[in-house]
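Using the sequences and the hints given, assemble the complete structure.
There are 2 protein chains.
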Amino acid sequence: MADSKPLFSLDGNPVAAEALLRDVFGLVVDEVIRKGTSASEKVCEWKEPKELKQLLDLELRSQGESQEKILERCQAVIRYSVKTCHPHFFNQLFSGLDPHALAGRIVTESLNTSQYTYEIAPVFVLMEEEVLKKLRELVGWSSGDGVFCPGGSISNIYAVNLARYQRYPDCKRRGLRALPPLALFTSKECHYSIKKGAAFLGLGTDSVRVVKADERGKMIPEDLERQISLAEAEGAVPFLVSATSGTTVLGAFDPLEAIADVCQRHGLWMHVDAAWGGSVLLSQTHRHLLDGIQRADSVAWNPHKLLTTGLQCSALLLQDTSNLLKRCHGSQASYLFQQDKFYDVTLDTGDKVVQCGRRVDCLKLWLMWKAQGGQGLERRVDQDFALARYLVEEIKKREGFVLVMEVAPILKERMVKEGSMMIGYQPHGTRGNFFRVVVANPALTRADMDFLLNELERLGQDL
Amino acid sequence: MADSKPLFSLDGNPVAAEALLRDVFGLVVDEVIRKGTSASEKVCEWKEPKELKQLLDLELRSQGESQEKILERCQAVIRYSVKTCHPHFFNQLFSGLDPHALAGRIVTESLNTSQYTYEIAPVFVLMEEEVLKKLRELVGWSSGDGVFCPGGSISNIYAVNLARYQRYPDCKRRGLRALPPLALFTSKECHYSIKKGAAFLGLGTDSVRVVKADERGKMIPEDLERQISLAEAEGAVPFLVSATSGTTVLGAFDPLEAIADVCQRHGLWMHVDAAWGGSVLLSQTHRHLLDGIQRADSVAWNPHKLLTTGLQCSALLLQDTSNLLKRCHGSQASYLFQQDKFYDVTLDTGDKVVQCGRRVDCLKLWLMWKAQGGQGLERRVDQDFALARYLVEEIKKREGFVLVMEVAPILKERMVKEGSMMIGYQPHGTRGNFFRVVVANPALTRADMDFLLNELERLGQDL
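Chains as they are written, first to last, in my numbering: chain A, 1 to 463; chain B, 464 to 926.
To be clear, the hints were calculated from the coordinates, so they are not data collected in a lab. A hint or two may mislead.
Said to hold, decoys possible - Listing some non-contacts, in silico: residues in chain B with all C-beta distances to chain A over 10 Å:
no. : residue
1   : S616
2   : V673
3   : I683
4   : D686
5   : L693
6   : H767
7   : K860
Stated by the list, open to error - If the Cβ cut is set under 10 Å, some of the chain A residues that face chain B in the computed set are:
no. : residue
8   : P255
9   : G330
10  : K364
11  : Q375
12  : I395
13  : F401
Note that the Cβ used here is the ideal one computed from N, Cα and C, for glycine as well.
Pasting the structure below:
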């Protein structure tokens, strides 16, 4: 035990370890990168949970398995997984596969470090700073702060916590009981993380005042004014408005200038949830949709959605230059953030967040950006808009594409079981169920849009 | 624009995309897996931030770059990154490289999906369930619930939120103002996430009552009793005790049986932060250190630490079978968790968490476990204990190894700048600075322990 023979991995056989990794990588290239992105292959191979469990033989046992068996297991995992990189996967706000971003992810995984100190992540601490600076520039800020978070929901929740702390720093120590009742405002089209966050932060979902949206899904600023007055009349203290750039279901962009006016008038923190729409800032043609975002206090922006960096890449950006993030979230743990270090400890980012270990999420975006350039990324965003417009025009030409309501779940079941396509559906207000086609994959063409429409027709032929 | 020619990735050149990925993978094998784990190479190549910034040329420009240039960039990123897989990296509670786990990570990254619905993550939803079941069995539970979180801090914070919700479900809607003042208890040796969490959840850091620890760092149950009485006398309602199995600095295991008795007596939620120590449950020889853990309500356990799965792999385990996670964190978003789906929607895990998108963190652990078997993993844990014991015995034989105090930062600077080794140091109570040697890498041998001691002597020769 513990003599000079290491247990290293494959019983001390690094050659076998390398061979396994090469085989698995080969599998990834063949099955995911080639077949997974091919329109002639299935998006998924549907299995009922019970059957899939048996096929995968998931049980963890006491005995280890051979390399051969392990490779087979990887094969099965890939085979029965949904190919989110497939051109007919329209199901989520992410899709597609960027090889540079994937290269960045593979390097990230191999280096396996945590983003919290310059000491153990020198490259990534500097890189994160640079990437965040670039994203801030696109928002319109020449200075500020920020951090990558484990998803847009956490970014939004951080923003609410920062706004609360800025107004009532005492809350950190004494808690909400020391504060007056608070109110925050967002539209009925906002992402559900705002309400989840209010509950989690101890504010309670009742503290979220829901502002009306117009028929396109945009927040109505006049109703925001009204809700603020109402909250005040009820004795609550308004402190934050969360606007949305690219709502989850309708893709609506709230009127940020008008909302900023309201926030300014009432001295409220303005947060913009641009998890989906933030990437539109890269497009000279379409960035007007976010006019006014530069007046926000905080912005959540997920490049893993429209920019295809891979999960997760979620930036929280701040206009603040007063070290608010560290003051609000920090705890100065002496075992990690020693102040007698031999380098500039302000580089240590760990106290910007409530997490401790934090994954490296900047490399995939940085590498993809280096490869594509801002121009290449802009082209992608413009293409997404062009394809979405094409789809709308084509839908108008076809009959029977307005009310899918009750048939949506049936069409969904059919497409998944055939594996031909994946699109999400949901009800919306009085509209009942409808399909939400997400155009984000840079590999999409007009042919894929045509396929989508033909396929929906084919699947619904007998209904 | 948007005609039938896709922008796919490398200007529609999948062959080039594959070639790039192959080159990057080759680089990972040569520079990280081979050189990075070799004791004869440097742990890090230290550069001052200013110099490193120039070397990396981090700026993001409008113009894209050639494949050749991108490969060079990956080379530089790897070169200047710390090799956490190196046998002389003792700096954090994670280190080493398991090839199966890395294979699992590469497959995970290529499939790029989110863990929230069975629909888009059929394999991983079932796999997560199975892995959590196995971890729960090791805790001693035949049923329960759980979820993988983005780090142990979030696991701990979730536990506090669940305990609060269980006692006061109304808090979700009405917030903390509707509740009496609450108190939670943890030892002075606990991880800083407990205080960060209390602030974040709106409880305030004052709500955390600090229990004394003995000289080995273990919570003193009698003082816990005393603190509970004190809090009650001050009008606060105790609701949770967070014990620690494997404290961050001293690696102490709190006496869980005695703490469970106290919790039972007072009707308090018992959480165990076993982020570091949980993996000891795999060892028949050493698992007695966690005796009593089966009496906990919740356990946080990070296999990315002692089990080398790679960041992040953080399980939150619950004894609860009443769907507490979903009731506490859920919001039933209609666009994601449609109830009219064609499969059993209780499989959808998204409403277990406050996040929306959630990374797949189970495959790396599952694949490694399949390859090593429980036995192989047990052998690793036992080896870590044996090596730690060996190190202690060797230290006793050497003079001058007791008080490093003021010299710790100097030794640290020297080792990092030479790149020979990385160990974390910190002050502790009256002890001043000392080095915390973390033994977690399965590739370690006695020779590495000897190197560590010799190197510390060499670096401090002139002091």
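Now the hints, each set against the structure:
With a least beta-carbon separation of about 5 Å from chain A, S616/B fails to lie farther than 10 Å from that chain, contradicting its non-interface assignment. The claim that V673/B lies off the interface holds: its Cβ sits roughly 13 Å from the closest Cβ of chain A, which is beyond the 10 Å cut-off. With a least CB separation of 21 Å from chain A, I683/B remains clear of the 10 Å interface cut-off, as annotated. Every Cβ of chain A is farther than 10 Å from the Cβ of D686/B; the closest lies at roughly 22 Å, confirming the non-interface assignment.
Residue-level check passed: L693/B sits 18 Å from the nearest beta carbon of chain A, beyond 10 Å. For H767/B, the shortest C-beta to C-beta distance to chain A comes to about 8 Å, within the 10 Å cut-off, and the non-interface label is violated. Against the 10 Å criterion, K860/B stays outside the reach of chain A, whose nearest CB is about 17 Å from its own CB. Hint on P255/A is violated. Least Cβ distance to chain B is approximately 23 Å, over the 10 Å limit.
Hint status for G330/A: holds, given a least beta-carbon distance of 8 Å to chain B, under 10 Å. A cut of 10 Å between beta carbons decides the hint on K364/A: the least distance to chain B is about 9 Å, and the hint holds. Proximity of Q375/A to chain B holds as hinted, the smallest CB-CB distance being about 5 Å (cut-off 10 Å). Among the interface hints, the one on I395/A is violated; its C-beta lies about 16 Å from the nearest C-beta in chain B, farther than the 10 Å criterion.
Interface hint status for F401/A: violated, as the beta-carbon distance to the closest one in chain B is roughly 20 Å, over 10 Å.
In summary, the numbered hints that this structure violates are 1, 6, 8, 12 and 13.
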